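Asks: Sequences are here, hints too, so could you generate the full structure?
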Amino acid sequence: MSSLATISSGELRNMSERELAEGLAAMSPTAIDRFRRMRRLSTGHSQALNSFLRQNPEKRLTAANNKSTNAKSVKAKTKSPIKPKPVVRKKKMEDDGYVQLWMRMRAWWDGVELDQPDRAPDAEAFPKQMDIDIDAGDETNYRLQVIQQLWGEATSLPGGKKFALNLLKAAKPTKTTVIADLTSGLGAGTWHIAETTDATVNGFEIDKELAKEGQRLSQADEQSPRASISHLDMEQIGASLNKEQYDIIVARDFLYAVKDRKEVLTGIADALKPGGSLIFTDFCLADRNTEKTDVLAWREAEPQKPSPGTIDEYRDLFGSLRFEVRTADDITATYIPSIQAGWKSIVESLKTGSHSRGYVDSLMEEGKVWLSRSKALESGQLRAIQFRAIMQKGPKRSITDSMSID
0 MSSLATISSG
10 ELRNMSEREL
20 AEGLAAMSPT
30 AIDRFRRMRR
40 LSTGHSQALN
50 SFLRQNPEKR
60 LTAANNKSTN
70 AKSVKAKTKS
80 PIKPKPVVRK
90 KKMEDDGYVQ
100 LWMRMRAWWD
110 GVELDQPDRA
120 PDAEAFPKQM
130 DIDIDAGDET
140 NYRLQVIQQL
150 WGEATSLPGG
160 KKFALNLLKA
170 AKPTKTTVIA
180 DLTSGLGAGT
190 WHIAETTDAT
200 VNGFEIDKEL
210 AKEGQRLSQA
220 DEQSPRASIS
230 HLDMEQIGAS
240 LNKEQYDIIV
250 ARDFLYAVKD
260 RKEVLTGIAD
270 ALKPGGSLIF
280 TDFCLADRNT
290 EKTDVLAWRE
300 AEPQKPSPGT
310 IDEYRDLFGS
320 LRFEVRTADD
330 ITATYIPSIQ
340 AGWKSIVESL
350 KTGSHSRGYV
360 DSLMEEGKVW
370 LSRSKALESG
380 QLRAIQFRAI
390 MQKGPKRSIT
400 DSMSID
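For the sequence shown, numbering that gives the first Met the number 0 assigns the number 0 to the initial residue and increments by one for each residue that follows.
To be clear, the hints were calculated from the coordinates, so they are not data collected in a lab.
Since we're looking at a predicted model, the values are computed, not measured.
Beta carbons: idealized from backbone N, C-alpha and C, even for Gly.
Hints are not guaranteed to be accurate.
What the hints assert, rightly or not - With a straight-line Cα cutoff of 30 Å, these simulated DSSO-like cross-link-like pairs (lysine-lysine) come out:
hint	residue 1	residue 2
1	K261	K168
2	K207	K374
3	K304	K374
4	K272	K174
Said to hold, decoys possible - Label-pair distances were calculated between CB atoms; the ranges are:
hint	residue 1	residue 2	range
5	R33	S355	17 to 25 Å
6	Q235	S319	20 to 28 Å
7	K161	I6	44 to 52 Å
8	K343	N288	28 to 36 Å
9	P273	S348	45 to 53 Å
10	D315	T29	45 to 53 Å
11	S319	E208	31 to 39 Å
Replies: Written out as C-alpha cells, the structure is:
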C-alpha cells in the first residue's frame, strides 16, 4: 500500500478504514498531525482517525503524550505491562483529545502550535465534538455567509456601516449631495449613508458576486432607487460613471489592486463636479525599498495581484490629474483591531453547531486573505491610509490636456 503522505485524493477516497489504520500505524505523530491538517477526510475516515488516536495515544503529537510515553517505558521495566493499559485507555475515552474547530482556527490565526487540551477527565471546558459535514452546497452562498459573519449583516469590510459614514464627515454631505460609493459590497454602508445624510447615493461594487447579492438585498429592503447596488467594471469606469455627476465619490481598499491607477483616477475625476471630493482608503507601502516577508506573503495571498504605491506616489499621481490632496491619514492603528474583532466574532460562532466542508473551505480562503493583510499591516511595511482629495476647478480634464488653469 502507498504511503498516506503521497497517495492521491482518489486513492484516499477509495481507501477502507482498515487500510487507513494500517497506514497511520506506519506514520510518526508529526506525519499524522500533518496528514490530518492537510488532507480532506470523509466523515468515515475522520472517525477512523479519531478512533485510531484514542487507541494509540502515543501517535498523538503533544508534549503531554511524549512525557507519558517516556514514563510508561520506564515503568514497564518494573511493572507488568498489563496494568497501565486500562488506565490510559480509560482516560482517553473520557477525553479523546479532539481539538474543536474554533480552537484550531484561533490557533491558526495566532500562529501557534496547538497541543491537545490537558484537563481532568471530569472537566467540561469545551462543547461536544463539532461535526463537519460533506455536501455539495453553493460556494458563493458559503462565501457570503462567512463574509457577513466576519463583518456584520450586509457588510463586506472591517468597521461596518459606521466606518463608511465616518469617511464622509469632512465632506459634510447634505440632502442635495449626490454620492457614488464604488465599494458598496453587500450594501449596508451605502444604505446607512443614504439614510443618515438623506443624500442621493448610487452604490457600485467591483466584485460581481457581492454586487448581485447587494442589489438583491437592496430591493428586498425597499432601499432602491436611492441606494441601489450595481456592478462596476474598473477597466470601463469612464463609461460607467456619468461626467460631472457626483459631489462625492467614496471607496475603500481598491486602488492597490488596480493595474492602471491613472486611468481609473481619470475616470473618477471626470465623474466629479468641480470642487468635488474623492475620499477613499487604501493599502500603501511604507517604503518601496524595504519589502520583507510579511508583505511578500500578502502579495501571494491576495486574490488579485496587488501593486500598492507609497503615499508620495499617490500625491504625485493626484497632482498630475488636478486633485489637491487635503489629507492622507494613517488609520492602521484602528484598522488592525477591526480585522481582529471580525475574526474573534467568527471564532465564537464556531463553538456551537455543525459546519459543512464547503463552509470551512470558504472560511479558510477568506481567513488566509485577511490574516496576510493583518500580518503585513502589523509589520509596519504596509499601512492603511485614508485619503481626501479635491477636484480642482478648470477646463475639462484629460490626461492629454494642458495643465494650465483658467
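Asks: Are K261 and K168 close enough, with their CA atoms no more than 30 Å apart?
Replies: holds, 26 Å
Asks: So does S319 sit 31 to 39 Å from E208, Cβ to Cβ?
Replies: 34 Å Cβ-Cβ, so the 31 to 39 Å window holds.
Asks: Using the beta carbons of K161 and I6, state whether their distance is inside 44 to 52 Å or not.
Replies: The hint (44 to 52 Å, Cβ to Cβ) holds, given that K161 and I6 are roughly 51 Å apart.
Asks: How does the Cβ-Cβ distance of P273 and S348 compare with 45 to 53 Å: does it lie in that range?
Replies: holds, 48 Å
Asks: Taking 20 to 28 Å as the stated bounds, is the beta-carbon spacing between Q235 and S319 within them?
Replies: Because 22 Å falls inside the window, the suggested range holds.
Asks: Compare the distance between the alpha carbons of K207 and K374 with 30 Å, and conclude whether the hinted pair is satisfied.
Replies: The given pair, whose Cα atoms are some 27 Å apart, holds under the 30 Å limit.
Asks: If you check the beta carbons of D315 and T29, does the distance land in 45 to 53 Å?
Replies: Given range 45 to 53 Å: holds, Cβ gap about 52 Å.
Asks: Check the hint pairing K304 with K374 against an upper bound of 30 Å on the C-alpha distance.
Replies: holds, 17 Å
Asks: Could you say whether the range 28 to 36 Å given as a hint is met by the Cβ separation of K343 and N288?
Replies: holds, 35 Å
Asks: Assuming the hint says 17 to 25 Å, is it satisfied by the Cβ distance from R33 to S355 or not?
Replies: holds, 24 Å
Asks: Does K174 lie within 30 Å of K272 when you go C-alpha to C-alpha?
Replies: Holds, at roughly 16 Å.
Taken one by one, the earlier hints all hold for this structure without exception.
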